[in-house]
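Turn these sequences into a full structure, and let the hints guide you.
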Amino acid sequence: MTTLTQDTVASMAGALPPAPTRAAARGANADAGTISLDVQNLTRHFPIGSGLFRGALGGHQPVVKAVDGVSFAIRRGETFSLVGESGCGKSTLARLVAGLDKATSGTTRFADAANKGHRVQMIFQDPYASLNPRYRVGTAIAEPIRFQKLLPEAQVMPRVHELLQQVGLAPADALKFPHEFSGGQRQRVSIARALAGNPTFLVCDEPTSALDVSVQAQILNLLRQLQERLGLTCLFISHNLAVINYVSHDVGVMYLGRLVEVAPTRTLFEAPKHPYTQLLLAALPQLDSRGRDKSPITGEIPSPLKPPPGCTFHPRCPHAMERCRSENPQLLPQPDGAQIACHAVQERRIPVLFHPTPALAHA
Amino acid sequence: MGCGWRTVQWKTEMNTSMTNTPPVLTVDGLRVEIPTRRGTLLALDNISFSIAPGEILGMVGESGAGKSLTGMAILGLLDPPGRVAAGEIRLGERRLDNLSQREMRKIRGKEIGAIFQDPLMSLNPLLQIGDQLVETILTHLPVTHEQAVQRALGLMHAVGIPAPEARFESFPHQFSGGMRQRIVIALALCAEPQLVVADEPTTALDVSIQAQVLQLLRTLCRDKGTAMLLVTHDMGVIAETADRVAVMYAGRIVEIGPVEDVIRNPVHPYTRGLMGAIPTLKPVTGPLAQIDGAMPRLNARPTGCAFNPRCPNVMDRCREQSPAITARTPRHDVACWLATETRQDAEVTA
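Protein sequences, first through last, are from chains U and A. Last residue of the first sequence: 363 (this note's numbering), numbering continuous. Last residue of the second sequence: 350 (this note's numbering), numbering continuous.
Please note that the accuracy of each hint is not assured.
Looking from chain U toward chain A, a few residues come up when the C-beta cut is under 7 Å (computed) [stated by the list, open to error]:
id: 1; residue: Q218
id: 2; residue: N221
id: 3; residue: A242
id: 4; residue: V243
id: 5; residue: P285
Chain A regions said to be covered by chain U (calculated; three or more residues, Cβ under 8 Å) [unchecked claim]:
id: 6; segment: 210-221
id: 7; segment: 233-247
The set of hints was computed from the structure by calculation and includes no laboratory data. Don't be surprised by glycine CBs; every beta carbon is placed ideally from N, CA and C.
Now the structure itself:
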């Protein structure tokens, strides 16, 4: 079962963990390649219908399979991103990993779970909703430190000031209330609060989706820089492929509760293999894709209540065949390190499209 | 690929239509003020642009820049106490900004269509889709009920709703988000308006559905010669859909020109920063270009150019005087002292 130990009594003496240098290339780091989080067959089903009649209808309780048998691993110090359209289950998966929800079955195993000082923190999409409007920002940031008794009281406020500076705010901001900040600054406060608990693992659920582009760039730069300085491992959720490209080492593409493609970032963007990934990339509006002759994806995401049999993508898939309509494809490794759940790819029915970066096609 | 040819042909059509026909919409020196207890806020300042038949003008900017407000002013839907304090809005030859609400109501829906972000807000949840379309058609066009029904079915077909007859009696909640937005588009187009104001029409939709809806809007504008003001925060959407783009910052247009020019050669430091700040699908080479700070609020606009506290090229003059928007090339206008000065330098050396 979920082995998420929130180490509540550990009192960390130092302010910051030593900052390991995350080398640009994999393998330069001492513990590079070691797994930080291993997720196996994770499943979360939501029963639907009124609680009153639950069970009274003869055991045929309909369920929404929000997350349906998902497996992946995240290496220490790296960012694994989940991308997909609304309703694909990416946020449910994030909540399961953060321990905010219990899985129906499957495991999430943190390698550091037994160690003192292993903590998971989360950054949410809406910085307006995730900060208490009646708490001064300093109090909000100090709360995880005080709650987990990480530092003696005398050192709490200096640490808060240090955290504020780390996210690009001023120590004096500790006395302000959330409404005195802009959206981007509020998200910086949320990040400072997440870092206050000295996390080793960070779950970011659409952290920049509510922000304007120029502010999004500030926050993305900050997150990358903090991750490198603090050696954090991240699970990053976004619907925006370009944001994913900027932050991740590995990417998982989700469709209706399942992973359909997992690949290193460059492999995913340069040689997308699953038809859904290919269609997603083609549909993304790009700055230099003017005049691109588009063949928009037909159809829409089916209702998760009645997912199609076999491969859930087959009603929209240009390569669908009889097998796709009956048999659910498994996530299988490819020669270039990607993992794909697609019969057509497995049977080599899809020519290996070597997508140059789509943006460059018409430059 | 055949797309190159299509683009070229489209461009020539555009040019002829722009030189021969007067613009559908002209906005001239528009100024919108919001009186408050603590003084009058200047929400829009000296907004001027025009849209030709069949042309899509994109309007881009951060939240609070005034892009939606511009659309609302054109539609005559400014929330009181906000009001048009100066300038003119003309649809063809006719002035709209001094019309009464009653007169505007006849124009909205008939001559100007509107598409908003949330399709559920634009549809009546208690009425069947078919009835909503028929009602709108009967309100604006002199047709019989039977003709209106036929027209509604034709529109549903045109916006890509499969089996319109079967969906005619469905309610809005029985449609998905993308399908609902198609119905809103059908509603906006049902009286064949000359102009459509689309305010973030695809922001609530997923990328795959967004691509379908954008394609639809583009084809409809091309085929019917409808002019469109496309308000969005997404530069990618503008790049794929619009012909020209106006970049807004703190209530003013800072740069306006053909999409290719503005994206390839942005002149205003804000536009340049914005382009660098947008993450792309290309390999990541370094940090994203960053514009520090945030857009000033309406009550804290700095003197001079509103962008000066964030501008990497700020000069003394920028802190004192606000630059007027001036032509850099015949179709590309910029409001920046730097652009004016480099041009003067160029003239001097020439």
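Q. Does P285 (chain U) pass the interface check with chain A, least Cβ-Cβ distance below 7 Å?
A. Holds, about 3 Å.
Q. Any CB of chain A closer than 7 Å to the CB of V243 (chain U)?
A. V243 (chain U) check passes; min Cβ-Cβ to chain A is 5 Å, inside 7 Å.
Q) Hint check: is the beta carbon of A242 (chain U) less than 7 Å from a beta carbon of chain A? A) Holds, because the Cβ-Cβ distance from A242 (chain U) to chain A comes to roughly 4 Å (cut-off 7 Å).
(Q) Can you verify the interface hint for N221 (chain U): is its Cβ closer than 7 Å to any Cβ in chain A? (A) 5 Å, holds
Q.
Is the coverage entry for the segment 210-221 of chain A by chain U consistent with the three-residue Cβ rule at 8 Å?
A. Check passed, 5 qualifying residues.
(Q) Can you verify the interface hint for Q218 (chain U): is its Cβ closer than 7 Å to any Cβ in chain A? (A) 5 Å, holds
**Q.** Claimed coverage, the segment 233-247 of chain A by chain U - three or more beta carbons nearer than 8 Å
**A.** holds (count 8)
Against the hints set out earlier in the document, no violation occurs for any number.
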